[in-house]
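Peer 1: One-letter residues, chain by chain:
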Amino acid sequence: MQDKAPGSGLGRIAAAIAKALAYIVMTTFSIMTVYPIFWLIMNSFKSTREFQMDQLGFPQAPTLENYVGAWRLGEFAKLIPNSFIYTIVSTAGIIFLSVLAGFAFAKIKSKWTGPIYASFVVGILLTVQSLMIPLFLEVNLLGIYDTRTAVLLVYIGAGLPMGIYLATEFIKSIPTALVESARIDGAGYFRIFRSIILPMTVPVATTLAILNITTTWNEFALINILVSKTDLKSLPLGMFRFSGSLSSDYGKQFAALTIGMAPMLIFYVAFRRQITKGVAAGAVKG
Amino acid sequence: MTKSIAAPRVDREAGRAYWLMVLPAFLAYVLVMGFPIVLSIVLSLSDFNGGKMFGGAPWSITGFQQYSKILADPYFWSALKNNFYIVLVSVFGQLPLGFVFAYVIYRRIVKWPDFWQGILYVPNIISVIVVGILWQTIFSPYGPLADIINGLSRRDFLAHLAPLLGGSGPVAVGDDLVSRILAAVGPTGVAAAHFASPAADLKDILISLGSVGPKEMLETLANLFAPKWTADFLSIPDLAMLPILFVILWMYTGMYLILFLANMQKIDTQLIEAARIDGAHEGQVMRYIILPALSGTIVNSAILAISGSLSSFALVWAMTGGGPSRITHILAIYMYDSAFRGAPQYPLANAIALVMVLISFALIGVTKIVEKRFGGKEE
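Taken in order, these protein sequences are the chains called E and S. Reminder that position 81 of the first sequence reads as 81 in our numbering, one-by-one numbering, no gaps. Numbering-wise, our numbering comes out as the position in the second sequence, counting from 1, plus 286.
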């Protein structure tokens, strides 16, 4: 059906003005969003000298020297593998534990489900950053300060409330009859989990992966207090180095920032639709 | 029936499976959130100040004095105020702006919905460290913003002075010219700051240039006296937060666009079409269909924004580190500093953490009350 503008020519003019205004506003904000990032990448190819002479133009003598220097000073060769380890392991851990517990909450009757599930849901409102001091003391108490275990434990624990909430709600929507008939056929719960539930939870697992990959990859506040050795830190630290004493070496700073954001930009370009959907699905706080 | 006979064995198997499935997640959760929050409460009431928690120097529960210490600390109040600015920008900046963008895209007022969405969400996937450092550079006195402003003010300056120096040929430096330059530049330019006796000093400078054309003289004058961008406002308490607030708006508005748009797309389009056929105009569609359908999402987004705003740390940490002289302090940095800068004050830091959590819960409660009052009767 054609959407008719209400009646008169006046209405049509008003609609045209609104349309033009909308385009102007959207374009302005889009430029404001993308240009700084573009500017950053562009300037990473200028020498610091060239940058100081001309901050806004295109690089006249593009150079990769900044990248060589930034790569070395930022110790990215050490940090990038860690970022991958933390992101992959914690995401896999969150998905597995969430779906497993979600299955129990949704399909196995227990008087404990009420309080335990509620405790997870309350956790959605707690941001783990506000617990960084006690977490720091706790990992020291457990003797796991400065270990990958500490980082992984905290990342997994922090992701679980949302993970369990989404997984449980998702599994609740799977017909209970499927589980019951498998029970009657004599299947144990773990077998049902493996052969019936797990394959059906791909959509919620994707959502959880999307939510956790971006947050874990970019996480800085917690890892900063959980480990002190460069060998154990992740990408954001490499970039943070360029905010202090190295901040006036603009060329290298821009190269470091570009190195830091490139993986996520690529990830975003490749999975934009899934990311957008996952974020929308994950916004269920409250 | 057979069922009732088999029940106890089945129950036991179900119980075992239940705990095997729930416990790993529950243990991790207790370790990362449950225990730390208890620890935080205990320590905030104690005099524990580092060292071994058990078997080290003895420490004991001493009561609520950390909390009164916080309330008496002016830095707490300035940090809290800055957090509130962040909350305000989030709830009354990001949310409405994101809503408008989503609405414009949803109602097809603009074409290419995926394009706008895709672009405006980009800042969300970049690390806050990158965002913080990038904008810090942009706002710095040597950054591109300063570059642009300086370029403009230089052009203005040149346009101002050019007529005084004539068209071409060497400029004759005389008292008359000097006083006219001084008059044109005004008290904030040449005269005020730089010289003891402006007229004489300026004349000396101009003569020392030798016999030069108006162009070179203008360049020299501009280099010396064209007003330069200074980031003075960044050391004024309330204004210093402006760049940070701007960046927060820049960064997260796209996320709310995504949330609102996703939920608008769940609205039954027939409802809107029917309303339009019945003669409802765009404003009525918004007021009676879209807004009510989104009230739940709006409340949830506000809650998301509030809890995020109160615990935000890394962006400010990367941009200003709380400086200069603590005027861009926020609660999380105040907490971090108490624990990790200088002698550790763990009881104080934990008390700050709990105050953050309490304020965030209180604001979420207020949001829920507002929702009950003014809407949310739908669904």
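Worth double-checking, as some hints may not be accurate.
List time: in silico DSBU-like cross-link candidates among lysine-lysine, alpha-carbon distance up to 30 angstroms [what the hints assert, rightly or not]:
id: 1; chain 1: E; residue 1: 78; chain 2: E; residue 2: 229
id: 2; chain 1: S; residue 1: 338; chain 2: E; residue 2: 229
id: 3; chain 1: S; residue 1: 658; chain 2: S; residue 2: 367
id: 4; chain 1: E; residue 1: 19; chain 2: S; residue 2: 552
id: 5; chain 1: S; residue 1: 397; chain 2: E; residue 2: 277
id: 6; chain 1: S; residue 1: 654; chain 2: E; residue 2: 111
id: 7; chain 1: E; residue 1: 19; chain 2: E; residue 2: 109
id: 8; chain 1: S; residue 1: 338; chain 2: S; residue 2: 355
id: 9; chain 1: S; residue 1: 514; chain 2: S; residue 2: 501
id: 10; chain 1: E; residue 1: 172; chain 2: S; residue 2: 501
id: 11; chain 1: E; residue 1: 277; chain 2: S; residue 2: 367
id: 12; chain 1: S; residue 1: 552; chain 2: S; residue 2: 489
id: 13; chain 1: S; residue 1: 397; chain 2: E; residue 2: 19
id: 14; chain 1: S; residue 1: 552; chain 2: E; residue 2: 277
id: 15; chain 1: S; residue 1: 514; chain 2: S; residue 2: 552
id: 16; chain 1: S; residue 1: 552; chain 2: S; residue 2: 397
id: 17; chain 1: E; residue 1: 229; chain 2: E; residue 2: 19
id: 18; chain 1: E; residue 1: 172; chain 2: S; residue 2: 552
id: 19; chain 1: E; residue 1: 172; chain 2: E; residue 2: 111
id: 20; chain 1: S; residue 1: 367; chain 2: S; residue 2: 654
id: 21; chain 1: E; residue 1: 277; chain 2: S; residue 2: 658
id: 22; chain 1: S; residue 1: 355; chain 2: S; residue 2: 367
id: 23; chain 1: S; residue 1: 489; chain 2: S; residue 2: 501
id: 24; chain 1: S; residue 1: 658; chain 2: S; residue 2: 552
id: 25; chain 1: E; residue 1: 277; chain 2: E; residue 2: 172
id: 26; chain 1: E; residue 1: 172; chain 2: S; residue 2: 654
Since the hints were made in silico from the structure, they are not lab data.
Peer 1: Evaluate each hint against the coordinates.
Peer 2: Each hint tested on the structure:
1. E:78 - E:229: holds, 11 angstroms
2. S:338 - E:229: holds, 21 angstroms
3. S:658 - S:367: Distance of about 27 angstroms is within 30 angstroms: holds.
4. E:19 - S:552: holds, 24 angstroms
5. S:397 - E:277: Holds. Residue 397 of chain S to residue 277 of chain E sits at ~20 angstroms (cutoff 30 angstroms).
6. S:654 - E:111: holds, 29 angstroms
7. E:19 - E:109: The given pair, whose Cα atoms are some 55 angstroms apart, is violated under the 30 angstroms limit.
8. S:338 - S:355: This hinted pair holds, its Cα atoms lying about 25 angstroms apart.
9. S:514 - S:501: Given that 30 angstroms is the threshold and the Cα spacing comes to 20 angstroms, the pair holds.
10. E:172 - S:501: Violated, at about 79 angstroms.
11. E:277 - S:367: Violated - the C-alpha atoms of residue 367 of chain S and residue 277 of chain E are around 35 angstroms apart, more than 30 angstroms.
12. S:552 - S:489: Cα-Cα ~74 angstroms, so violated.
13. S:397 - E:19: Distance ~10 angstroms between residue 397 of chain S and residue 19 of chain E Cα, so the pair holds.
14. S:552 - E:277: Satisfied, since the Cα-Cα distance of roughly 13 angstroms is no more than 30 angstroms.
15. S:514 - S:552: violated, 52 angstroms
16. S:552 - S:397: holds, 19 angstroms
17. E:229 - E:19: Violated, at roughly 55 angstroms.
18. E:172 - S:552: With Cα atoms ~21 angstroms apart, residue 172 of chain E and residue 552 of chain S stay inside 30 angstroms; holds.
19. E:172 - E:111: Judged against 30 angstroms, a Cα distance of about 17 angstroms means the pair holds.
20. S:367 - S:654: holds, 22 angstroms
21. E:277 - S:658: Answer holds: residue 277 of chain E to residue 658 of chain S is near 29 angstroms, not above 30 angstroms.
22. S:355 - S:367: holds, 17 angstroms
23. S:489 - S:501: With a Cα-Cα distance of about 17 angstroms, the restraint between residue 489 of chain S and residue 501 of chain S holds, given a limit of 30 angstroms.
24. S:658 - S:552: holds, 23 angstroms
25. E:277 - E:172: holds, 20 angstroms
26. E:172 - S:654: The given pair, whose Cα atoms are some 26 angstroms apart, holds under the 30 angstroms limit.
This entry does not satisfy hints 7, 10, 11, 12, 15, 17, going by the numbered hints stated previously.
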